[in-house]
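Fit chain B to the supplied structure of chain A, relying on the hints for placement.
One letter stands for each residue in the lines below.
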Amino acid sequence: MIKVRGRLLTALILAGGLLPLAVAADQEPAPPRQQVKIAFVDIDGDPRYQPIRAYERIVLKTPTHPFTGAEIGLDDAAIFSRMLPIDFALNHITVKSPAEVEPAVSAALATGTNFFLIDAPADAFKPLAEAVRGRDALLFNVSEPDDALRRDLCAAEFVHVYPSRAQLMDGLVQFLVSRKWRDLLVFEGPSPADAAMTAAFTHSAQKFGARIVADQHFKPGTDPRDREQNDPALLSAVNRDFDAVFVADEAFDFARTVPYRLARPRPVVGSIDLTPVAWHWTWERNGAAQVNSRFERKSRGRHMAGADWAAWLAVKMIAQSALRTRSPDFLKQRAFILGDGGFDGDKGLAVSVRTWDHQVRQAVLLAAPYEVVDSAPIEGFLHRTNELDTLGDDEPESKCHLDR
Amino acid sequence: MRKSLLLLICLCACAPAAAKDTGLIFVSNEKTNNIIVIDPKTYKITADIKVAHRPRDMHFNADHTLLYVACGDDDVIDILDVAKLKVVGKLVTGPSPEAFAVDEKRKRIYVSDEEASSLSIIDMEHNSIVQEVPTGSEPEGVLESDDGKTVYVTSEAGDLVHAIDADSGKVVHDVVVGLRPRRLAATPDGKELWVTAELAGEVDIIDRGRFVVAGSIGFQPPGMRKADVTPVGLVMTRDGKTAYVTLGHAAHVAMVDVTARKVLGYILVGKRAWGVTLSRDEKTLYVANGLGDDVTIIDTKTRKAKISVPVGRIPYGVLVDD
Chain A
1 MIKVRGRLLT
11 ALILAGGLLP
21 LAVAADQEPA
31 PPRQQVKIAF
41 VDIDGDPRYQ
51 PIRAYERIVL
61 KTPTHPFTGA
71 EIGLDDAAIF
81 SRMLPIDFAL
91 NHITVKSPAE
101 VEPAVSAALA
111 TGTNFFLIDA
121 PADAFKPLAE
131 AVRGRDALLF
141 NVSEPDDALR
151 RDLCAAEFVH
161 VYPSRAQLMD
171 GLVQFLVSRK
181 WRDLLVFEGP
191 SPADAAMTAA
201 FTHSAQKFGA
211 RIVADQHFKP
221 GTDPRDREQN
231 DPALLSAVNR
241 DFDAVFVADE
251 AFDFARTVPY
261 RLARPRPVVG
271 SIDLTPVAWH
281 WTWERNGAAQ
291 VNSRFERKSR
301 GRHMAGADWA
311 AWLAVKMIAQ
321 SALRTRSPDF
331 LKQRAFILGD
341 GGFDGDKGLA
351 VSVRTWDHQV
361 RQAVLLAAPY
371 EVVDSAPIEG
381 FLHRTNELDT
391 LGDDEPESKC
401 HLDR
Chain B
1 MRKSLLLLIC
11 LCACAPAAAK
21 DTGLIFVSNE
31 KTNNIIVIDP
41 KTYKITADIK
51 VAHRPRDMHF
61 NADHTLLYVA
71 CGDDDVIDIL
81 DVAKLKVVGK
91 LVTGPSPEAF
101 AVDEKRKRIY
111 VSDEEASSLS
121 IIDMEHNSIV
131 QEVPTGSEPE
141 GVLESDDGKT
151 VYVTSEAGDL
161 VHAIDADSGK
171 VVHDVVVGLR
181 PRRLAATPDG
191 KELWVTAELA
201 GEVDIIDRGR
211 FVVAGSIGFQ
221 PPGMRKADVT
231 PVGLVMTRDG
241 KTAYVTLGHA
251 AHVAMVDVTA
261 RKVLGYILVG
271 KRAWGVTLSR
281 DEKTLYVANG
291 LGDDVTIIDT
301 KTRKAKISVP
311 VGRIPYGVLV
321 DD
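First to last, the protein sequences are chains A and B. Residue numbers for the first sequence, in our numbering: 1 to 404. Residue numbers for the second sequence, in our numbering: 1 to 322.
A hint or two may mislead.
[Claimed, not checked] As a list, the in silico BS3-like pairs of lysine-lysine whose alpha-carbon atoms are at most 30 Å apart: (1) B/Lys31 <-> B/Lys90; (2) A/Lys399 <-> B/Lys107; (3) B/Lys149 <-> A/Lys207; (4) B/Lys84 <-> B/Lys105; (5) A/Lys207 <-> B/Lys271; (6) A/Lys180 <-> B/Lys31; (7) B/Lys107 <-> B/Lys149.
Calculated directly from the structure, the hints in this document are not laboratory data.
With the rest of the complex left out, here is chain A (with noise of 0.2 Å):
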């Protein structure tokens, strides 16, 4: 079942009282005017979007799907309208479950729309990335850390926008290394996806140098015959001295008992305090207090979140690749997005595609509750082409070679 939302947001040309350019250079008739479709897909009742709770009745974060973040990126293409004869739709597309994510890609695709936003989680991937293979399609995924998706399904048709884990935990090893906070004490939780973060933070931690003192499973609760596993003051009373607390804990309830709880007073990481993130609303550099506050506008004062920034970015390289190939062609678009031009994320050094994973290289933000404490790449940390491969799998470890 696949809800089309009646929402067709075609790029306008702005304020009024401009000159058809086109017509005016060249004395010819205007070209006629082609459309680039670009489709967003969400899942209704996404695990990941749903409410987390303390108890029944306190909400502690509601995580929204990031169609704002691809209003704004069209909203930002509108004026390119003026210089193209092209303009660009935006389609929301919102189906019941993962498995039907690909049927609705696949309609849209024979139906004439290229690029897709894919906001789902990790399991919706491989039909996907069978279903299109050899196609004309890009799919940009906008919200899944996955590293096997980037490693394993390996998947040329699919554009990495968000950043992987491998990324993620790189940027905030970076720091801590940084601060000399070496010695770090884990905290890992029950879900697949704490173990995935803890293996991408302990991958880190031998990449730059960093020691895992301990790595303590807790036991999400208050069973009080489980303490030794549920408060972080016993969890943490371990023989050597740590530096830090790296907490890995999806579900949240945990992780939000553990700073002021330890044992010696020490900074925690992870999944709360500091969490390295692709975006933060308090994000004020490289421009980017202009996109939070137009995505403020747009959605009535959200926050802009990681996931936001990667639709917004996602739209925002299909326009530029319709504007500086000035092409309707997808075939152009696509060699333009996966090559090396450049795009800016305003995160700083210009972003691009890896040509190994198609994991898009960027900046990660190391964010506190209501600061950006650095950004990683931090200084010091050195690479032979470009700093933003220090974070994430580069070429030579990559199990992925699309370029091969």
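Same frame as chain A, but now just chain B:
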């Protein structure tokens, strides 16, 4: 010419007090909300003037008696008396004014409003916005043509330079340039418009007649990564032969032969070099280092920095009263 005008003003004994070619260096500081004034001989800070929040672009009036400062977070342009070193008035702008141009003949200010994605045309006499011209996202650099008929504006996020008819307030031309265009400079012959493209790491040269990009100049300072080359500020000598381009994170200023479109050399400055200005005799170059919180003063003959002077936090622009 300028001296005689000065004399005239002195004779008229009109307020504000006449300029004195003080040589004082004015630096706007985004995060400390002040204008730091530096003595040109001792390099000591002689005044610290509180202004509205987030002061950025600055311009003198023609006789240098007044200094206009765009203050982004309070949506005003503060007016400073240069002799008294005090804020004496303000003009109201649109949201988040960043850069502007002053047209004294028409008593107008053209200011880019970053948040509104528009160029405000302000009537200075009536202190009112007479027109809002829609631009691409995040407009920044503003330049008025010598004849006052055209205003050029860059759109940082739209990768565009607009040409706006000053009378009608309509966009008459757009041109697509490199990623994140920031500031503008015109060659004195009126033929070319130079624009820094921060993320493209280049200066694009626009042919003003045809309004197309007719060339570009890349930069590669010694020991620096291409990705760190983020040009923002630029200034040209009056003879139109030499341009100085600040390279942002690459911590250098490039000296460019304008006619040959070739880089003559690089001068080491501070972190995230943005704002740049020349002294009137063009012997000294001043560069504001945004992340270094200082200003580097350079001898253009030896192409070496003489001194760096600590100022406020995130210095944006620098101007000299001479």
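Now for the hints, and whether the structure bears them out:
Between lysine 31 of chain B and lysine 90 of chain B the alpha-carbon distance is near 20 Å, which keeps this suggested pair within the 30 Å criterion. Distance hint between lysine 399 of chain A and lysine 107 of chain B is unfulfilled; the C-alpha atoms sit about 64 Å from each other, more than 30 Å. As the CA atoms of lysine 149 of chain B and lysine 207 of chain A are separated by approximately 59 Å, the hinted pair breaks the 30 Å bound. A hinted pair counts as satisfied when its Cα atoms are at most 30 Å apart, and lysine 84 of chain B with lysine 105 of chain B qualifies at roughly 25 Å.
A threshold of 30 Å between alpha carbons decides the hint, and for lysine 207 of chain A with lysine 271 of chain B the separation of about 29 Å falls inside it, so the pair holds. At most 30 Å may separate the alpha-carbon atoms for a hinted pair to count; lysine 180 of chain A and lysine 31 of chain B meet this at roughly 29 Å. Between lysine 107 of chain B and lysine 149 of chain B the alpha-carbon distance is near 14 Å, which keeps this suggested pair within the 30 Å criterion.
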